[in-house]
Every structure is written in C-alpha cells, then in structure tokens.
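These protein sequences, in sequence, are chains B, R, P and X. Mapping of the first sequence onto the numbering used here: residues 1 to 507, in sequence order. Mapping of the second sequence onto the numbering used here: residues 508 to 690, in sequence order. Mapping of the third sequence onto the numbering used here: residues 691 to 812, in sequence order. Mapping of the fourth sequence onto the numbering used here: residues 813 to 968, in sequence order.
Quick caveat, the hints were computed from the structure, so don't treat them as lab data. Note that the structure is predicted; figures quoted are calculated from it, not measured. Wrong hints could be hidden among the right ones.
Computed beta-carbon distance windows for the label pairs [as the list claims (entries may be wrong)]:
| hint | chain 1 | residue 1 | chain 2 | residue 2 | range |
| --- | --- | --- | --- | --- | --- |
| 1 | B | I405 | R | F591 | 15 to 25 Å |
| 2 | B | W269 | R | S596 | 18 to 28 Å |
| 3 | B | I405 | R | A639 | 55 to 65 Å |
| 4 | R | I599 | B | W269 | 19 to 29 Å |
| 5 | X | T822 | R | R609 | 58 to 68 Å |
| 6 | P | Q806 | R | V597 | 16 to 26 Å |
| 7 | B | Q98 | R | F590 | 40 to 50 Å |
| 8 | X | Y915 | R | E612 | 46 to 56 Å |
Which bits of chain B does chain X cover? Going by a derived footprint, with three or more residues having C-beta under 8 Å, they are [unchecked claim]:
| hint | stretch |
| --- | --- |
| 9 | 209–221 |
| 10 | 421–429 |
Glycine is no exception: its CB is placed at the ideal position from the N, C-alpha and C atoms.
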Amino acid sequence: MSIPLPVFVAIPLVMAFLLPIFVKKGKTAATLLANLATLSLLVLAIVSIGQSSVYEVGKWSIPLGINLVLDGLSSLVLLAVGVVSFAAMLFSVRYMEQYTAKTKYLSLFLLMVAGMNGVVLSGDIFNLFVFLEIASIASYALVGFGCEHEELEASFKYMVLGEIGSLFILFGVGLVYGNTGSLNMAYIAKGIQNTGLNAGLTFALGLFIAGFGLKAALVPFHAWLPDAHPSAPAPISAMLSGVLIKALGVYALARMVFNVFGISDSIGWLLIVLGLLSMVAGAFLAIGQWDLKRLMAYSSISQLGYVVLGIGMGALILATGGNVAWASLAILGGLFHLLNHAVYKSLLFLTSGSVQMSTGTRQLKEMGGLAEKMPITRATCTVASASIVGIPPFSGFWSKLILVIAAIQAHFYWIAAIIVFVSLCTLIMYLKVQRYVFLGELPENLQQSKEAKNSMLAAMVFLACLCVLMGLLVIVPFLRSHILEPAVQVLTDGLEYSANVIQMATM
Amino acid sequence: MAVFYILLVFIIIAAVIAVETKDLLGAVICVGAVGFGSSLMFLFLRAPDIAITQIVVEVLGLIILIRATITRDRTFISGDREFFAVVVSVVIIFVIFLAGIRVFESLPDFGTAVFAEAPEAASRTYISEGLARSGAANLVASVILDFRAYDTLGEATVLFTAIIGATVILRKKARKLLEAPDK
Amino acid sequence: MLYALCFLLFMIGLYCAVVKKNMVKIVIGIMIMEYAVNLFLIMLGFCSGGAAPIIGKDDLDGPGGQLTDLFISSSVDPLPQALVLTAIVISLGSLALMISICIRIYGKYGTFDITQIRRLKG
Amino acid sequence: MKGMTIIVKTISSWVKMLIFLFGIYIILFGHLTPGGGFAGGVILASSYVLLMLAFGREFAEENLSLPAASKFDCIGAFLFALIAILGFVYGGAFFVNFLYQQYLPGEPLHLISAGTMPLSNIAIGLKVGASLFLIILSLSICCKDFKFAGPVSGKE
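Build out the structure end to end from the sequences listed, making use of the hints.
Laid out in structure tokens, this is it:
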C-alpha cells in the first residue's frame with residue numbers, strides 16, 4: 001500500500017488550521033486532536049519505511065508541477081520527526097499548562113511539524129524553501145512563546161539570523177533557476193550531470209551551504225542556537241534540538257550537496273571542517289556552562305558536528321574515488337547518529353523541562369539532590385546521558401563506533417582521535433549534569449519539588465526505551481537493511497537521484 | 508533599457524539613505540521609496556501581478572513599520588557597533604560581493620528569458636499550453652493556483668503561521684503561574 | 691550589469707542587517723534584501739520587448755481560441771513571477787512577526803538599541 | 813486612538829466601500845486579470861485598516877472583532893486546504909483542478925472558467941484579508957498596552 005505523500009503535510013496542516021477555532025471550552029478536545037495528529041504521523045512514518053515513491057501534486061508531470069519524493073533518506077528523517085514530535089506533544093499536554101494560549105501553541109507546533117515534513121518530502125527547491133519558511137517562522141514564534149525578556153531577545157536574534165539564512169537560500173534558488181531553467185531537483189541534477197558546475201551554480205551552492213548552515217547552526221553560523229534553544233519551552237527545545245536543525249539544516253544540506261549539486265573533494269573537506277569545528281567548539285563551550293539547558297544546547301552543536309562529519313567523510317571518500325563501502329559506513333554512522341541524537345537530545349531537553357518545572361530554575365548551582373525527589377526523571381536522564389556519551393549498550397555508542405571505524409578505515413586517524421576526544425568532553429559535561437542536578441545536597445528551597453506529571457513521564461520513558469533499543473537498528477540486519485541502508489544508498493547514489501526520480505515518476 | 512538602470516539606481520540610493528539615515532521614521536519612508544520603486548520596476552518588467560501585490564503589500568507593510576516607530580518617544584539613533592566589528596563585517600561583505608559579481612556572467616543576458624536557453628524549462632509549456640490545460644487567462648494565476656498550487660498552500664500557511672505567531676507574541680499575559688525569575 | 695546592481699542591493703541589505711544596532715534598522719536591512727531577491731527573480735524572467743503573461747482577447751486567434759504565435763514568442767516567463775508572489779507574501783508574514791517581537795522588546799526595555807538590550811552573550 | 817476629523821471620517825466612509833468592492837473585483841477576476849487572492853485580500857484588509865485609522869480602533873472592532881477575524885483566518889486557510897483535498901477525492905491527487913478537467917470547463921476569458929481557481933482565490937482572499945486585519949489590529953492594541961513606562965527592567 002503506498003501512502004499518498006501529501007498526507008504527511010495535510011494532516012498537521014488541516015489540524016493546525018482548525019485548532020484555533022476551539023476557544024477556551026474545547027481545550028481538552030484540541031489537545032486530544034493534536035496528540036492524535038502526531039500519533040498518526042508517527043504511524044504513517046513507520047508505515048512508510050522501506051517504500052519509495054514519487055507523488056506528483058495536481059497530477060502535473062514533473063517539470064510542470066511539484067513532486068514529492070519519498071526515499072530512504074526522507075523516511076529516516078520522517079521517522080525521527082514522527083518519534084520526537086509524538087513524544088514532545090505528549091510531554092506538552094501537562095507541561096504547557098503553565099502558559100496561556102494553549103490552542104495557539106498546539107497549532108504552531110503542528111505547523112512546525114508540517115513544515116519539517118514538507119521540507120523532507122519536497123522534490124522541488126522552491127517548495128523546499130517555502131516549507132522551510134513555515135517551519136522556521138513557527139519556531140521563531142515558539143521560541144518567544146514565554147514573552148519574557150530573554151525569550152524575546154533570543155527569538156529576535158534567531159529570527160534575524162534565520163531570515164538571512166532563508167534569503168541566502170532564496171537567492172540561491174534564483175541563481176539555480178537562472179542557470180538551469182528548472183526548479184525541480186531531479187531536473188537540476190540532470191542538467192548538472194550534463195554540463196557540470198559553472199560559476200553561477202558554484203556560487204549558488206555556496207549560498208545554500210551558508211543558508212542551510214545557518215539553519216543547522218554549524219559553527220561559524222551557530223550564534224543563535226545557544227540563545228534560542230534554551231529559551232523555548234522544554235518540548236519546543238526538544239523539537240528544535242532534536243529534529244528542526246536536522247530536518248532544515250543537515251537533511252537539506254545533504255540532499256543539496258549529494259543529490260542535486262554532486263559531491264567534490266572540496267565540498268567533502270568543507271563539510272568535514274565544519275563538522276570538526278562544530279564538534280570541538282560546541283564541546284568546549286558546553287563544558288563551561290552553568291545553565292542546564294544552555295549546556296545541552298551547546299552539546300547539540302557538538303553532536304550535530306558528528307553527523308556532518310560522517311556525511312562529509314562519506315562525500316570525501318566518494319569524491320576521491322575511495323572504497324564505496326567505507327564511504328557508506330561513514331554516512332551510515334552520520335545518519336545513525338542523526339537518528340540517535342534526535343532521540344536522546346530531545347529526551348534530555350524533556351528531562352530538563354521537568355526539572356525546571358519542579359524546581360523553577362535552570363542554574364546547575366542552585367539544584368542538587370533531586371535523585372530522591374524525581375526518581376524517574378533521574379533514570380531517564382541517566383539513560384540519555386549514557387547514550388549521548390556513548391556507553392556501550394546504549395545507542396550513542398554504536399553510531400560513534402561506526403564513525404571511528406570509518407575514519408580509521410579511511411586512514412583519517414586524527415579524525416578518529418578527535419571523535420574520541422570530543423566523546424570524553426561530552427562525558428565530562430554530562431557527569432557535571434548528573435553531579436549538580438541529581439546528586440549532592442538538596443537545597444532548602446527545593447524540598448517541595450515533586451516528580452513530573454504522568455503524561456510527561458510517559459513521554460520521557462518512551463524516549464528512554466528507544467534510547468536503549470536503538471542499538472538494535474544496526475545490530476539486527478532486518479532493521480538495518482530497511483531503515484538505515486536505504487538512506488545511505490540515497491546519498492551514495494549521488495546524482496543518480498535524478499534518474500531514479502524521473503524513472504519512478506514515469507511509472 | 509535605460510529606464511531599468513534609472514529605477515535601479517534610484518532604488519539603491521533610497522536603500523542607502525534608508526540604511527544610513529539617523530532618523531528612524533525617515534528610514535522607514537525610504538524603505539517605502541524602495542518598495543514603490545521596485546513596484547514600478549516590476550511594472551516595466553511586464554509583471555503587473557507582482558506590481559499590484561507589491562504596492563498593496565508595501566502600503567500595509569509601511570503601516571506596520573510606522574506603527575512600530577512613530578509612537579515611540581525617541582526615534583533618533585546614534586552610532587554603530589564597535590569599529591573593529593564594523594570593519595570586519597564590511598570587508599567580509601565586500602569580499603562576498605566581489606566573489607558574486609562575476610557569477611552573473613553565467614546567467615543568460617538580461618533581456619533573454621531563462622527558458623529560451625534551457626531545453627526542458629517548464630515555462631515554455633506554461634506559456635504555450637497554460638490556457639488550454641488550466642483554463643486561466645492569467646498565466647501567473649494558472650501557475651500559482653494550478654501547476655504550483657502546493658507552493659501556494661505553503662505560502663498561505665506561512666502567512667497563517669506568522670499571524671498566529673504574532674498574536675502569540677503580542678498576547679498580554681504569557682504565563683499562568685509565575686515562575687521564579689531567572690538571572 | 692543589472693544583475694550586479696541587484697546583488698549590490700542585496701549586499702546593502704546584508705550590511706544593514708549585520709552592522710546596524712537598531713532593531714528597526716535590522717528589520718529594514720532584511721526588507722531590502724527581500725526586495726533585492728524579488729527584483730532578481732523577476733529580472734530573470736524578462737525578455738526584451740516582452741508582453742505580460744496575461745492572455746487578452748487580442749492574443750486569441752479565430753473561433754477555436756488558438757494562442758497567437760506572437761504571444762508565445764514574446765510573453766515573459768510566468769514562473770519567476772509566481773515565485774516572487776509567494777516570496778512577497780512570505781516576507782510580509784515574517785515582517786509582521788519581526789515587528790511584533792520588536793514592539794514587545796521595546797515594551798520591555800524602552801529602546802530599540804540592541805547593545806543596551808542584549809544580555810545574552812553567545 | 814479617537815479617530816480623525818469629520819472630513820476624514822466622511823470621506824473614508826465613502827472610500828471604504830469603493831476599496832472593498834475593488835478588493836472583491838480583484839479577487840474574483842484574479843484568474844483573468846492581474847491580481848488574485850493575495851492582492852485582493854490585502855486590499856480588503858486595507859479598507860478595514862482605513863476605517864480603523866479614521867474612526868479609531870473601537871469602531872473597526874465593532875465591524876469585525878478580533879475573534880471573528882481570527883475565525884475567518886482559520887476558515888479561509890481551511891477552505892484552501894479543503895480545495896486540495898477535494899482534488900484528491902474527485903481527481904485522484906491533491907490539488908487536481910477537478911472542476912476544470914471534469915465538471916465545469918467554462919469558456920476561456922470568462923468569469924466562470926479555470927475550475928477551482930476562482931474558488932481558491934476567494935479562499936485565499938478571505939484568509940489574507942482577515943489575517944492582515946488581525947495583525948494590524950493586534951499591533952495597534954499592543955501599541956496602546958505596551959507603552960513603555962520607564963526604564964525598569966534593563967539591568968536587573
């Protein structure tokens with residue numbers, strides 16, 4: 001059974017359009033509907049695994065209309081979006097009770113999800129831009145949802161940088177259109193395959209890298225992230241760190257670089273350098289933080305570096321004509337880390353939200369000894385920390401292991417060393433979290449702190465179970481060949497993407 | 508052709524004034540000049556749809572901007588950021604500009620439509636078969652509402668999102684239980 | 691050459707958004723960048739001596755309603771116009787959101803000057 | 813805002829109708845002449861904005877209140893999505909122009925042509941008009957409420 005692909009966008013969109021009509025009375029119903037929407041998206045994402053199809057909107061054949069493409073890479077990111085948005089929505093049922101305007105919050109949340117799904121599925125660069133704007137604008141508003149000083153400033157900073165990034169992307173779209181006369185990714189890739197990159201397309205690629213890099217908060221462009229992610233309400237932080245920077249940044253970048261413009265060794269090096277810079281700088285900056293969520297935000301930059309590094313290594317190996325198996329391994333590590341990071345970083349942000357809700361503070365120095373008061377939160381936080389650090393049975397270990405193996409196989413010993421080193425830094429940072437939040441003396445003013453509410457706990461436990469089980473994705477061959485390998489295949493295919501899409505469209 | 512140069516130079520001058528003037532209201536009005544200049548330019552570029560939309564959007568945008576500035580007590584601004592940071596950013600921007608300026612030679616010359624040089628361009632089909640396939644005499648409407656209607660759904664959603672976001676940002680009370688203010 | 695002027699406009703906007711420290715100026719910079727992109731896109735579709743992509747009665751030939759060759763050969767590209775229409779509305783939306791954030795921040799601090807506002811240090 | 817002088821009020825109450833009608837014309841003929849849902853919607857909104865500027869905010873709110881504008885906004889957006897879904901139901905894919913292709917081809921260059929396009933234009937016009945009115949109304953309410961009272965919280 002093949003799913004009509006616009007459903008991924010239509011469900012959250014229609015729900016988001018309808019929700020604000022519920023005013024005060026129907027708040028429970030609105031919450032229920034929103035949860036149903038995210039649940040159905042999760043189910044659809046699971047169903048879509050292993051399928052690949054092209055959907056032509058309005059029955060216009062490709063160069064005329066817009067097409068949606070579902071392939072391995074899309075369904076991987078769709079799965080991440082589905083899982084994280086389901087958990088975050090479940091979490092926000094009770095968490096958002098401290099804010100007003102809940103229906104608008106739900107609506108914005110769903111719009112953000114719709115935007116991300118639209119970006120992931122789109123096969124047309126302008127359409128990608130439009131959905132990127134939906135997701136970004138919803139996230140700008142959600143970052144400022146609390147309307148306090150810090151939140152508004154963070155939102156403004158995020159919005160200015162995000163808009164500049166969007167305009168870079170739009171300018172790039174214009175250049176691409178001027179040079180190839182097409183907006184469809186498959187046809188652009190076909191044109192580039194025939195003629196190669198000229199100056200205009202190279203500049204457009206540069207603009208795309210800058211724009212998507214701004215959205216992904218890679219290190220020279222990261223200034224907004226440490227402000228924006230902590231300021232948002234906790235479920236939104238989880239969404240932003242967990243999937244938004246990946247769907248809008250890394251996914252779109254990888255799609256553009258691999259499938260549309262084609263890889264070259266300079267692009268590979270560029271991605272590797274960006275990844276390494278993000279890893280190291282993010283880790284160092286994170287260690288010095290005393291704000292719980294800010295620490296996690298910096299650690300997001302660092303972890304995203306792993307993903308970009310893996311993809312960049314793959315690109316470099318492919319472009320220099322190295323062994324395809326190692327390239328696939330590097331990309332597999334990167335993409336698997338993307339999935340892992342989506343799960344454990346959103347879990348960490350949710351735990352930070354539940355800590356913040358019961359203690360009213362985010363400063364590490366003001367907390368302590370919460371292990372007794374909040375046993376479940378503590379347990380899930382420990383699982384997530386162990387996972388992000390890379391302790392063997394948990395998911396983070398496997399992706400880092402794969403990356404290290406790929407680096408060693410490709411004779412980048414120094415990269416492997418840096419990966420291990422950054423893991424150690426991560427270990428320090430999360431030991432710090434454990435030490436200051438859950439162990440130690442319980443301060444006087446926190447004696448009353450209580451465990452989080454039920455639905456919040458459910459969301460956290462759901463993600464924690466996934467953290468433990470995610471290792472199976474690489475160990476069990478069935479899962480690996482259905483979830484991860486098709487995604488890797490899409491990237492290693494490179495410009496073959498266009499032929500695949502055009503062939504699928506004509507079927 | 509000269510009219511485009513004149514208009515574009517006018518737009519650039521207005522933009523420079525808008526960027527550099529110390530009077531905030533004056534800057535907003537110069538942005539209005541940029542907007543109306545570009546609207547005229549759209550008209551001469553044979554894009555009446557865009558010209559209309561640009562004018563009406565410009566009017567509303569100016570109302571929004573003036574709302575933000577006019578009732579404020581102090582609309583004059585002074586000084587820039589630190590000298591060093593300014594120099595660095597100007598240098599970076601100038602380098603990008605120099606890098607970019609060569610790029611446009613790869614585009615078709617101004618006055619030659621893109622689809623004339625690209626063999627598989629969709630636009631040629633839009634022009635020759637748009638009326639027959641979608642039934643609309645206004646080809647721009649047929650593109651945005653039929654061929655690329657999915658984009659338009661996205662666009663309507665962007666506006667919807669922005670409006671909901673703005674009402675969320677502008678609401679009076681954001682939190683029910685006041686948390687302890689953070690440092 | 692016109693394209694380069696357009697790019698200059700884009701860069702003026704970028705300069706304004708990056709260097710200026712007044713929030714409204716930053717918004718103005720972003721607006722100027724948007725105008726530049728819109729102009730650039732429309733210019734891509736222009737052909738000299740072209741006609742607007744709107745079919746009038748004169749462009750239809752005979753009772754069958756066939757399009758005249760003149761129209762087909764002279765019409766400008768409708769696709770960039772559709773894109774710009776979308777882009778204009780998007781920019782209006784983001785302008786509205788940005789200005790509301792500015793006004794809220796002004797309400798909190800009484801100034802548009804970001805050097806007096808920004809307590810957050812990256 | 814108390815509104816402006818009597819001259820402005822009288823003229824704007826006449827002009828308002830004209831602007832409103834022009835907006836409707838632009839929306840309805842969007843598939844034939846330049847214009848369309850967005851431009852027309854903005855014009856509709858600007859007729860109300862004119863009313864708001866001339867008569868004061870309260871008067872405009874009596875005509876179209878904030879919650880009502882919000883509802884129109886949602887309904888317009890939903891209608892447009894509904895047209896897409898109807899295309900799926902009747903045409904087999906989202907956004908199929910099923911009316912033009914199957915039921916109502918109409919004549920070129922006439923008002924009733926192009927199938928779902930006029931309907932889409934109406935939905936978009938409703939949505940854009942309501943939402944822009946909403947934003948300007950809430951900005952003006954906000955300007956009144958958030959008048960800065962003095963340097964309180966700058967460096968706490």
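Verification of the hints:
1. For the pair I405(B) and F591(R), the supplied restraint of 15 to 25 Å is violated, since their beta-carbon distance comes to about 45 Å.
2. Evaluation of the 18 to 28 Å hint for W269(B) and S596(R) yields a pass: the beta carbon distance comes to about 26 Å.
3. One distance hint, 55 to 65 Å for the beta-carbon pair I405(B) and A639(R), holds here, with the actual separation near 58 Å.
4. The supplied range of 19 to 29 Å is met by I599(R) and W269(B), whose beta-carbon atoms lie about 21 Å from each other.
5. Take T822(X) and R609(R): their Cβ atoms lie about 59 Å apart, and the range 58 to 68 Å holds.
6. At about 23 Å, the CB distance of Q806(P) to V597(R) agrees with the hint of 16 to 26 Å.
7. Our hint of 40 to 50 Å for Q98(B) and F590(R) holds, since their Cβ atoms are close to 44 Å apart.
8. Remark: the range hint 46 to 56 Å for Y915(X) to E612(R) is upheld by a beta-carbon distance near 50 Å.
9. Coverage of the stretch 209–221 of chain B by chain X is violated. Counting CB-CB distances below 8 Å, 0 residues qualify, and the rule asks for three or more.
10. Only residues whose beta carbon comes within less than 8 Å of a beta carbon in chain X count, and the stretch 421–429 of chain B has 0; fewer than three means the coverage is violated.
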